[in-house]
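Taking the hints into account, I'd like the entire structure generated from these sequences.
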Amino acid sequence: MYGFLIGVGVLLLLSIIWMVYRIQTLVSVVKGSDKQIATGSNKVNAIMFILFLLVTGFLMFWYSIKEFDNYELPVASEHGVITDSLFWITMAVTGIVFLITHVLLFIFPYKYQYKEDRKATFYPDNNKLEIIWTIVPGIVLAGLVISGWIAWSDITAPAPENAHVVEIMGSQFQWDVRYPGKDQVLGDYDYRLTSAINIHGVDFTDKNSADDFPSPRVVIPKGEPVLFKIRARDVLHSVFAPHMRLKMDAVPGMPTRFWFVPTKTTAEMRVETGNPEFEYEIACTEICGRGHFSMKKIIEVVEPAEYQKWYAEQKSFIQMNPALADVQTEPKEVAEVQLSEGN
Amino acid sequence: MSTASVANHDVAHDDHHDHEHHDNFVTKYLFTTDHKMIGKQFLVTGIFWAIIGGFLSILFRLQLGFPDMSLEFLRPLLGGWLDEAGKLDPTFYLALVTMHGTIMVFFVLTAGLSGTFSNFLIPLQIGARDMASGFMNMLSYWFFFLSGVIMFISLFIPTGPAGGGWVVYPPLSALEQAIPGSGLGMTLWLVAMTCFIASSLLGGINYITTVINLRTKGMSFSRLPLTIWAFFLTAVIGLLSFPVLVAAALLLIFDRSFGTSFYLADIYINGEALPNTGGSPVLYQHLFWFLGHPEVYIVLLPALGITSEVIATNSRKPIFGYKAMIISMLGITILSFIVWAHHMFVSGMNPFLGSIFMFLTLIIAVPSAVKVFNYLTTLWRGNLIFTPAMLFSIGLVSFFISGGLTGIFLGNSAIDIQLHDTYFVVAHFHLVMGSASFFGLLAGVYHWFPKMFGRMMDAKLGYVHFWLTFIGVYMVFFPMHYIGIAGFPRRYYSWTNFEFANMYTDLNMFVSAAAIITFAAQFIFLFNFFYSMYRGRKATLNPWRSNTLEWTTPLHPGHGNWPGEIPAVYRWPYDYSKPGAAEDFIPQTVPLSATPESNLPHEQEQVKLEMEIMKEEAEVLVANESKH
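In order, the protein sequences belong to chains C and Z. So in the UniProt record's numbering, spot 340 of the first sequence is number 340, and the numbers just go up one at a time. So in the UniProt record's numbering, spot 498 of the second sequence is number 498, and the numbers just go up one at a time.
Source of the hints: derived by calculation from the structure; they are not laboratory data. The structure displayed is predicted, hence computed values, not measured ones. Yeah, the Cβ is synthetic: ideal placement off N, Cα and C, and Gly gets one too. There's no promise every hint is true.
[Unchecked claim] Quick list of simulated restraints, FRET-style, between CB atoms:
| # | chain 1 | residue 1 | chain 2 | residue 2 | range |
| --- | --- | --- | --- | --- | --- |
| 1 | Z | F337 | C | I96 | 27 to 33 Å |
| 2 | Z | L77 | C | L11 | 44 to 50 Å |
| 3 | C | Q308 | Z | N502 | 30 to 36 Å |
| 4 | Z | G86 | C | N208 | 49 to 55 Å |
[Claimed, not checked] What the simulated footprint calls covered on chain Z by chain C, stretch by stretch (three residues with Cβ under 8 Å from a Cβ of chain C suffice, anywhere in the stretch; the number is not a length):
| # | region |
| --- | --- |
| 5 | 192-205 |
| 6 | 340-354 |
| 7 | 483-492 |
| 8 | 578-589 |
Shown next, in the form of structure tokens:
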């Protein structure tokens, strides 16, 4: 039934378009306008540009202002404040250029629409103008680049010695978290040690791994530097914590890192956003397969004292499963090459 | 040079006679070596792929805008890719996104745009009988066709087409265990792309050779229309960058099928550890983007070239800053090779590299800005005629500004941390590269349709098509900026899993509705295109009163383009509204000596030189006559 209705609708639409098309063709032949250089449509199009400028300009300002709180996520990290200000400075600069160029682009068609008695101005070049608008954008861009570069250098500088280390490992389709335990040193891992009970592939012959512990959430202290050590177990993933303005790919075979200082606890954020359910989230931003859109992990930012308490209470891998300490002293044999099958 | 052109002319002249009598369907429409027909083949194939690519995007926009809607009515088409509730399978969603990207970037905006207009316009605008090698040109089309057939087949195989995003990053694209599309679908993708690259290279070598060697008398590089400059530089970029994609694909094939570890290391998947160690997925990204970024300009430059020509013609004004335009394009060409890693700021590569590429990337904004200012100045105090081609060109400039400015955010690595792989990026490149190039393609079709088919497209339908598409494109992509600023990641099947971005249901519905309307509006164009081909108003020889050489050919140019001698060229292509001239245009074939009233002082000096050339030409003519 639906199919039939849609079919009829399409047919109707097509026949209407056909009729309009034929009528206007005939009319233009009768009027002889098909022989003119510019017909009345020229004026209509010129006016349309002005209308377009006004209407979409209004829509843009209206929506940008009305929805500001919705699309501008609250920021909760120290470097995020800097990158946000860079973002809005760039927005101001490009916004001005956007407006000026578009006003000109849409007013010129109206102002200089075809008139039979007028001749266009023969104006092939002007080196002075060319130089001005090469150099001015150059200077403005240099300013933006340098401020961006300073921020980028700070963000990507080595983490402070006292940073709290958290390992985040991506796999299809989840994030797994490992803390270094009391010694503050993560134990070695080897992907060949991975198994159902040792999803991180931790090498428990390494003494540093004895006190490593997992956590269902990423718990971090407010106001202190945190270092995410990021890796992936199967394909590429990317750790993205939007409120922290943090993003870094997780790459199999190549550990990556990102350090930052969270500035607001989850509780503070709940007050600020007025949302009692608020949680900091980690999403995956590198396409990784079927469940790409559902790789979520919660970050919980707490006061440092609370963090210390929580940290001390956690049970290590080995405490939870003493068998881990005994088995797998050697990496098990890897699977045979099976890539050629089915390709 | 003069002897070469004589010989060339003789051969072509005989060809011409042959073709008048012996052309059959196969040699005329299928295995043709006539550049004009090959251009049309590329165009029609490109249109076919644009419909497919656009339709795929409508499918995933339905999922994004109306997540609860049952797509049951599409079951005859999608079959097993719908679950019982009539919802799209998440894996197939990724396949749709991947194929949409691949098809649009390579098949529509590379082959459909460069393939069509480089082939069609280069010989016509430089004054040549045909491409340097008609046979290679034919081969170029048929490699593209073959590539298309393979890609088309991959849409229908049980495990689905490639699904790792159009960038097909390994390990996802290397491991069948990771996603079903990385099985046979990915193999077909790689084979199809290899054929496509062969096609691009065959075409590119031809374009470069033709522009360098076969320009008519007087057509110096400083008198080339900007379209030709754009096609020429595009071909150079393609020739230098596409082979790197072959290398990337070859290593990927080795990793997939022969157990090497170029891109694979330390992988544990589906309960087993793979033996590969030592490879680097980031290596693939470097190789891919070494093509991938220049590819953006491969797509964009021809559109900018077409726009320059259309805007100058319909403003009845010379393009402002002809030399600056060429220098900008040269700058873009060179810089396009050294900015690739700005796609990889957060890929885990050395942050120092990020700094370098941020500097280089923002430099490329300067020539782009110059181009925009020059377009604006060309419009200033013009006498603007809004043909559909002109409207689409103005639309292109608008998209180029909107999308170009957001590039300044993304090229800044500090800001890119937040925006990378979000909808902000989607909005950015769909405007600056997708829509802008698409508008360039449409402007080209509307402008050169009379030369292609000897008939006019209907202007009113063109206006309706333009306004629906122009408004539609903005309604689709502008809202995506907001979604992107909010941080929503791209390639997500569903919007509801995350608290931080689930408030955009209404906006997404709006975007999807706009996308459907915009897609539907393209059928107006399709109708106009095919109907006008047979029933359109007969075109005059120079309907836009343009200066370039293609309008000096007969209404239906045969193989060889000009029935007699190839006309010589005496001036640059932008003598519009020259003070003193009777008409507001002076074609390139009009000698300076014939227009003493409008010559500029330095042109008056060239008149003597010109006389000599004309004398020489007359001798050639006599020599030819005596042979017959």
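Structure-based check of all given hints:
1. Z:F337 to C:I96: 27 to 33 Å: Since the Cβ atoms of Z:F337 and C:I96 sit about 31 Å apart, the hinted range of 27 to 33 Å holds.
2. Z:L77 to C:L11: 44 to 50 Å: Hint violated: Cβ distance 20 Å, outside 44 to 50 Å.
3. C:Q308 to Z:N502: 30 to 36 Å: Given a distance of about 34 Å, which is inside 30 to 36 Å, the answer is holds.
4. Z:G86 to C:N208: 49 to 55 Å: holds (53 Å)
5. 192-205: Violated, because only 0 residues of the region 192-205 of chain Z bring their Cβ atoms closer than 8 Å to Cβ atoms of chain C.
6. 340-354: It holds: at least three residues are needed, and the region 340-354 of chain Z offers 5 whose Cβ sits within less than 8 Å of chain C.
7. 483-492: holds (count 8)
8. 578-589: holds (count 3)
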